[in-house]
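Q: Listed in order, the protein sequences are those of chains Z and R.
Read in my numbering, the first sequence has 92 at position 92, and its numbers run on one by one without any break.
Read in my numbering, the second sequence has 191 at position 191, and its numbers run on one by one without any break.
FYI, nobody ran anything at the bench for these hints, they're computed from the structure.
A portion of the hints provided could be inaccurate.
Copies of one chain are not kept apart here, so a pair can be met inside one copy or by any two copies together.
Calculated pairs, DMTMM-like style, for lysine to aspartate or glutamate (alpha carbon to alpha carbon, straight line, at most 20 Å) [said to hold, decoys possible]:
#1 Lys229 with Asp185
#2 Lys229 with Glu74
#3 Lys202 with Glu217
#4 Lys13 with Asp65
#5 Lys202 with Asp79
#6 Lys92 with Asp65
#7 Lys229 with Glu184
#8 Lys13 with Asp158
#9 Lys37 with Glu74
#10 Lys92 with Glu242
#11 Lys261 with Glu57
#12 Lys202 with Glu87
#13 Lys13 with Asp67
#14 Lys92 with Asp237
#15 Lys37 with Asp171
#16 Lys202 with Glu184
#17 Lys92 with Glu239
#18 Lys229 with Glu85
#19 Lys202 with Glu248
#20 Lys229 with Asp40
#21 Lys92 with Glu139
#22 Lys261 with Asp273
#23 Lys37 with Asp91
#24 Lys37 with Glu26
In case you want the letters, here they are:
2 protein chains.
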Amino acid sequence: MQREAARLLQTGKAIAFVPTMGYFHEGHLALMREGRKHGDALIISIFVNPTQFGPSEDFQTYPRDPDRDASLAESVGVDVVFAPEAEAMYDKAYQTYVDLEMLPQYLCGPSRPGHFRGVATVVAKLFNIVRPHVAIFGEKDYQQFVIIRRMVRDLHLDIRIIGVPIVREPDGLAMSSRNTYLSEDERRSALSLLQALQQAHKNVAQGIRDAGQLIHEASELIRSYPYTKIDYVAVCDPETLENVSRVEGPTLMALAVWVGKTRLIDNTILTIDY
Amino acid sequence: MQREAARLLQTGKAIAFVPTMGYFHEGHLALMREGRKHGDALIISIFVNPTQFGPSEDFQTYPRDPDRDASLAESVGVDVVFAPEAEAMYDKAYQTYVDLEMLPQYLCGPSRPGHFRGVATVVAKLFNIVRPHVAIFGEKDYQQFVIIRRMVRDLHLDIRIIGVPIVREPDGLAMSSRNTYLSEDERRSALSLLQALQQAHKNVAQGIRDAGQLIHEASELIRSYPYTKIDYVAVCDPETLENVSRVEGPTLMALAVWVGKTRLIDNTILTIDY
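Based on the sequences and whatever the hints tell you, model everything.
A: This is the structure:
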């Protein structure tokens, strides 16, 4: 891959890159279609990165289907699929990590210690291997998106980071490879995430600005569904991820909810129309 | 600098890079002459990096002489001097750090907490700005050299790291910008560092293999000089920096000694001739 990247660089072609963990759904394909627009060559990676999973998380059971992924990638015009082995990414003496001081402390950070260190590290590594001009990330993982954007600025990587809006199932559930873990009953309860966000939009449209009230009502709605357990419901600055007390401009509402044994996330930007 | 680096990359020129903190002595010039051999274009940076200095260290007083540095750089054929302001390297929301898990714990690590995190971070940043094919580091800062080499491997940077042997004053003192801090009396005591290393070479040649004995004799020699206070004397693996108990192949002997208020370092590779 490094040789191929060096070759592409020399041709002067713009390289677009979509890092993924595979098991593609429409959300991934939307990232690839967006990448297609921004590069002469479109490279994707498929790598279930061990360093971003906690010891009690689903690294081993994370769904994988490389053959289906390859044909889906081809169908949207991907030029190169980079699917390294873990040993090629982390040798025995491996010990270097990229970490951010503030952004990983918010939202998913407290329940997933080390997760964003693993994400920032593997994305930095993939960027150095693939050497893209543009990289595409989904806004479903909003915290990841702002962390990568900040890392790119801080480390002076010459890469444009583009976010793609959440892609949803027909009934509104945000697409995720982890949705396959849900039973039929859990699947119905999973709709509470989007409903809570939609209710917040309505509340803001009706003049409610207080973050505490918005969080309270979202939490009540989610709790009214069976199998749900809230990890967090947060209303925060979309750049710094710091909590805000009032919605006064574009504001991120983000939530993480356990539905049975599956942890789901979703988010939206609340805005005020004048 | 990023624009110039992108332009150079497109021309297909090999870029050699020497990162420095300025206040040049012959050691720096040796790095630049080595760089000259490996690149079509030779870029150096001059940046006294605040994040690698501890709160009680000499960031404010570190010697600076940009005009003299510029003419010395020109005299050895440097093409570009990159001398950024601190605000350009670390903006107000800056928060990303590159850190290694093991290598910074040894040798200078315990007395300089955060130092190697600052070094790895700024070197990663400079590499991303300058985008060199080859980078040159002095072996006087041996721990820094192995840390950078490991970081480059771990992060898949496509950069060849070359080490240059220590350059010494006529009387044997390893060149350092900090030597200017020494009084005349301290300057004489500073010679104990090299003498301790030379004595270790003799001891090994005479069949002594025990690391403890080598360390003891080196320490005794250093302590026999006035104004000296040992930070560490270590005998260790030159790749992992882990202490070894016996000299059985190429082995790093490294030391850090306070001479008055100046902390000096020196090192050598002990080898066994059969």
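Q: Decide, hint by hint, whether the structure agrees.
A: Results of checking the hints against the structure:
Taking the closest pair of Cα atoms, lysine 229 and aspartate 185 come within 20 Å of each other only inside a single copy of the chain (15 Å); across copies the shortest separation is 71 Å, beyond that limit. With identical chains, the CA atoms of lysine 229 and glutamate 74 are never at most 20 Å apart, being 39 Å at best within one copy and 66 Å at best between copies. When the C-alpha separation of lysine 202 and glutamate 217 is checked against a cutoff of 20 Å, the pair qualifies only within one copy, where the shortest distance is 11 Å, while the shortest distance between copies is 78 Å. Within a single copy, lysine 13 and aspartate 65 get their C-alpha atoms no closer than 30 Å, and across copies no closer than 42 Å, so neither meets the 20 Å cut-off.
Taking CA atoms no more than 20 Å apart as the test, lysine 202 paired with aspartate 79 passes in neither setting, with 43 Å inside one copy and 61 Å between copies. Taking CA atoms no more than 20 Å apart as the test, lysine 92 paired with aspartate 65 passes in neither setting, with 27 Å inside one copy and 43 Å between copies. In the homo-oligomer, the alpha carbons of lysine 229 and glutamate 184 lie at most 20 Å apart inside one protomer (17 Å), although the nearest pairing across protomers, at 71 Å, exceeds that limit. Taking the closest pair of Cα atoms, lysine 13 and aspartate 158 come within 20 Å of each other both inside a single copy (15 Å) and across two copies (19 Å).
Taking the shortest alpha-carbon separations for lysine 37 and glutamate 74, only the intra-copy value of 15 Å comes in at or below 20 Å, while the best inter-copy value is 45 Å. In the homo-oligomer, the alpha carbons of lysine 92 and glutamate 242 lie at most 20 Å apart only across protomers (16 Å), although the nearest pairing inside one protomer, at 37 Å, exceeds that limit. For the homomeric pair lysine 261 and glutamate 57, the shortest alpha-carbon distance inside one copy (11 Å) is at most 20 Å, but the shortest distance between copies (50 Å) is not. In this assembly of identical chains, the alpha carbons of lysine 202 and glutamate 87 never lie at most 20 Å apart, being 49 Å within a copy and 42 Å across copies at closest.
For a Cα distance limit of 20 Å, the shortest separation of lysine 13 from aspartate 67 qualifies neither inside one copy, at 28 Å, nor across copies, at 40 Å. In this homomeric assembly, lysine 92 and aspartate 237 come within 20 Å of each other (Cα to Cα) only across copies, at 16 Å, whereas the closest approach inside a single copy is 40 Å. In this assembly of identical chains, the alpha carbons of lysine 37 and aspartate 171 never lie at most 20 Å apart, being 28 Å within a copy and 64 Å across copies at closest. Within a single copy, lysine 202 and glutamate 184 get their C-alpha atoms no closer than 28 Å, and across copies no closer than 77 Å, so neither meets the 20 Å cut-off.
For the identical chains of this complex, lysine 92 and glutamate 239 are inter-copy neighbours only, at 13 Å across copies versus 36 Å inside a copy, given an alpha-carbon limit of 20 Å. For a Cα distance limit of 20 Å, the shortest separation of lysine 229 from glutamate 85 qualifies neither inside one copy, at 35 Å, nor across copies, at 49 Å. For a Cα distance limit of 20 Å, the shortest separation of lysine 202 from glutamate 248 inside one copy, 15 Å, qualifies, whereas the shortest one across copies, 74 Å, does not. For a Cα distance limit of 20 Å, the shortest separation of lysine 229 from aspartate 40 qualifies neither inside one copy, at 45 Å, nor across copies, at 61 Å.
Proximity of lysine 92 and glutamate 139 under a CA criterion of 20 Å is satisfied in neither setting, with 34 Å inside one chain copy and 25 Å between copies. For the homomeric pair lysine 261 and aspartate 273, neither the shortest alpha-carbon distance inside one copy (38 Å) nor that between copies (63 Å) is at most 20 Å. In the homo-oligomer, the alpha carbons of lysine 37 and aspartate 91 never lie at most 20 Å apart, since the shortest distance is 35 Å inside one protomer and 31 Å across protomers. With identical chains, the CA atoms of lysine 37 and glutamate 26 are at most 20 Å apart within one copy only, with a shortest distance of 17 Å there and 51 Å across copies.
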